[in-house]
Amino acid sequence: DVIGQVLPDATTTAFEYEDEDGDRITVRSDEEMKAMLSYYYSTVMEQQVNGQLIEPLQIYPRACKPPGKRNIHGLKVNTRAGSANNSSSAVSDSLPSNSLKKSSAELKKILANGQMNEQDIRYRDILGHGNGGTVYKAYHVPSGKILAVKVIPLDITLELQKQIMSELEILYKCDSSYIIGFYGAFFVENRISLCTEFMDGGSLDVYRKIPEHVLGRIAVAVVKGLTYLWSLKILHRDVKPSNMLVNTRGQVKLCDFGVSTQLVNSIAKTYVGTNAYMAPERISGEQYGIHSDVWSLGISFMEV
Numbered sequence: 001d002v003i004g005q006v007l008p009d010a011t012t013t014a015f016e017y018e019d020e021d022g023d024r025i026t027v028r029s030d031e032e033m034k035a036m037l038s039y040y041y042s043t044v045m046e047q048q049v050n051g052q053l054i055e056p057l058q059i060y061p062r063a064c065k066p067p068g069k070r071n072i073h074g075l076k077v078n079t080r081a082g083s084a085n086n087s088s089s090a091v092s093d094s095l096p097s098n099s100l101k102k103s104s105a106e107l108k109k110i111l112a113n114g115q116m117n118e119q120d121i122r123y124r125d126i127l128g129h130g131n132g133g134t135v136y137k138a139y140h141v142p143s144g145k146i147l148a149v150k151v152i153p154l155d156i157t158l159e160l161q162k163q164i165m166s167e168l169e170i171l172y173k174c175d176s177s178y179i180i181g182f183y184g185a186f187f188v189e190n191r192i193s194l195c196t197e198f199m200d201g202g203s204l205d206v207y208r209k210i211p212e213h214v215l216g217r218i219a220v221a222v223v224k225g226l227t228y229l230w231s232l233k234i235l236h237r238d239v240k241p242s243n244m245l246v247n248t249r250g251q252v253k254l255c256d257f258g259v260s261t262q263l264v265n266s267i268a269k270t271y272v273g274t275n276a277y278m279a280p281e282r283i284s285g286e287q288y289g290i291h292s293d294v295w296s297l298g299i300s301f302m303e304v
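The letter at position 118 of the sequence shown is residue 118 when you use the UniProt record's numbering, and the numbering goes up by one with no holes.
Heads up, a few of these hints could be off.
[Unchecked claim] Between beta-carbon pairs, the in silico distance windows are:
| no. | residue 1 | residue 2 | range |
| --- | --- | --- | --- |
| 1 | Thr157 | Glu55 | 43 to 49 Å |
| 2 | Glu20 | His129 | 30 to 36 Å |
| 3 | Gly216 | Gln58 | 19 to 25 Å |
| 4 | Asp120 | Gln52 | 28 to 34 Å |
| 5 | Gly202 | Val223 | 31 to 37 Å |
| 6 | His129 | Thr26 | 40 to 46 Å |
| 7 | Glu189 | Asp125 | 18 to 24 Å |
[What the hints assert, rightly or not] Below, in silico cross-link-like pairs of lysine to aspartate or glutamate (EDC-like), each with a Cα-Cα straight-line distance of 16 Å or less:
| no. | residue 1 | residue 2 |
| --- | --- | --- |
| 8 | Lys137 | Glu118 |
| 9 | Lys145 | Glu197 |
| 10 | Lys137 | Glu46 |
| 11 | Lys137 | Asp125 |
| 12 | Lys233 | Asp200 |
| 13 | Lys233 | Glu303 |
| 14 | Lys145 | Glu169 |
| 15 | Lys137 | Glu197 |
| 16 | Lys137 | Asp155 |
| 17 | Lys209 | Glu303 |
| 18 | Lys137 | Asp200 |
| 19 | Lys224 | Asp175 |
| 20 | Lys162 | Glu303 |
| 21 | Lys145 | Asp200 |
| 22 | Lys145 | Asp175 |
Hints in this document: simulated from the structure, not taken from any laboratory. The beta-carbon is built from N, C-alpha and C at its ideal position, and this holds for glycine as well.
Could you build all of it, start to finish, from the sequences and the hints given here?
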């Protein structure tokens, strides 16, 4: 309607916008519109985290006119206030498999993967709070599956925003039976929601003394999860019982990658994580590597 008011004498069949590579993407349908808005919201979040000026999204109407006359008024879409209707692309009738989460961890691709949206989520119980958000047990209507959904307001500190981006990128990149499954993420208004696998057994910190023969099998799963992360040059940096989840099928998986980091030359320096489980070299501010995750793992199993 807006384009029709500005160009009353033209028949507008579609419009285009430029992606991060400068390529023109054509929008003709509601689904393509939702994908465009998801891309723009992810770009806005990156600009906020990096302290950059938020740029409006410029569109180029495709009308029955010579190409040189397109967008002669420099139209821009005001997407400052999102809604549930434009939070994500179309939803399939089943949850995506981990095989869909490949190649790139760019946030814009994560948010535009088109697998989850607010309309199909029915929130049930609160599972907990942490890392700037609230985790809910939720029901995904199309698939009939139970999920864990972390809902995070974007009016949080810059540091927490960086942690959210880190967690999103790592969840999207990982494809392991020892890492919590990631189904997708979406924006609604001023919140971002991360949809992950629900582990009905909860975390190890809620259990009393675990028998040694059971703990041995848990340790094998956690070590395999950490080994997988290290193979991707990722340090977890917050290994502790509350980040080890179990379910009634006997599976054990790692979660919470908000303070994880991509290793460069197998050495890191940043002081983040939970003090009680930190390796000595981390507490003293020295360089550290995968051995610090091993220390935290040992302390965790001594505790449980």
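Results for each hint:
no.	hint	result
1	Thr157 to Glu55: 43 to 49 Å	violated, 23 Å
2	Glu20 to His129: 30 to 36 Å	holds, 34 Å
3	Gly216 to Gln58: 19 to 25 Å	violated, 59 Å
4	Asp120 to Gln52: 28 to 34 Å	holds, 33 Å
5	Gly202 to Val223: 31 to 37 Å	violated, 21 Å
6	His129 to Thr26: 40 to 46 Å	holds, 42 Å
7	Glu189 to Asp125: 18 to 24 Å	holds, 22 Å
8	Lys137 to Glu118	holds, 14 Å
9	Lys145 to Glu197	holds, 9 Å
10	Lys137 to Glu46	violated, 28 Å
11	Lys137 to Asp125	holds, 5 Å
12	Lys233 to Asp200	violated, 29 Å
13	Lys233 to Glu303	violated, 27 Å
14	Lys145 to Glu169	violated, 23 Å
15	Lys137 to Glu197	holds, 10 Å
16	Lys137 to Asp155	violated, 23 Å
17	Lys209 to Glu303	holds, 8 Å
18	Lys137 to Asp200	holds, 10 Å
19	Lys224 to Asp175	holds, 12 Å
20	Lys162 to Glu303	violated, 30 Å
21	Lys145 to Asp200	holds, 12 Å
22	Lys145 to Asp175	violated, 20 Å
Violated hints, in rising order: 1, 3, 5, 10, 12, 13, 14, 16, 20 and 22; the structure is consistent with all others.
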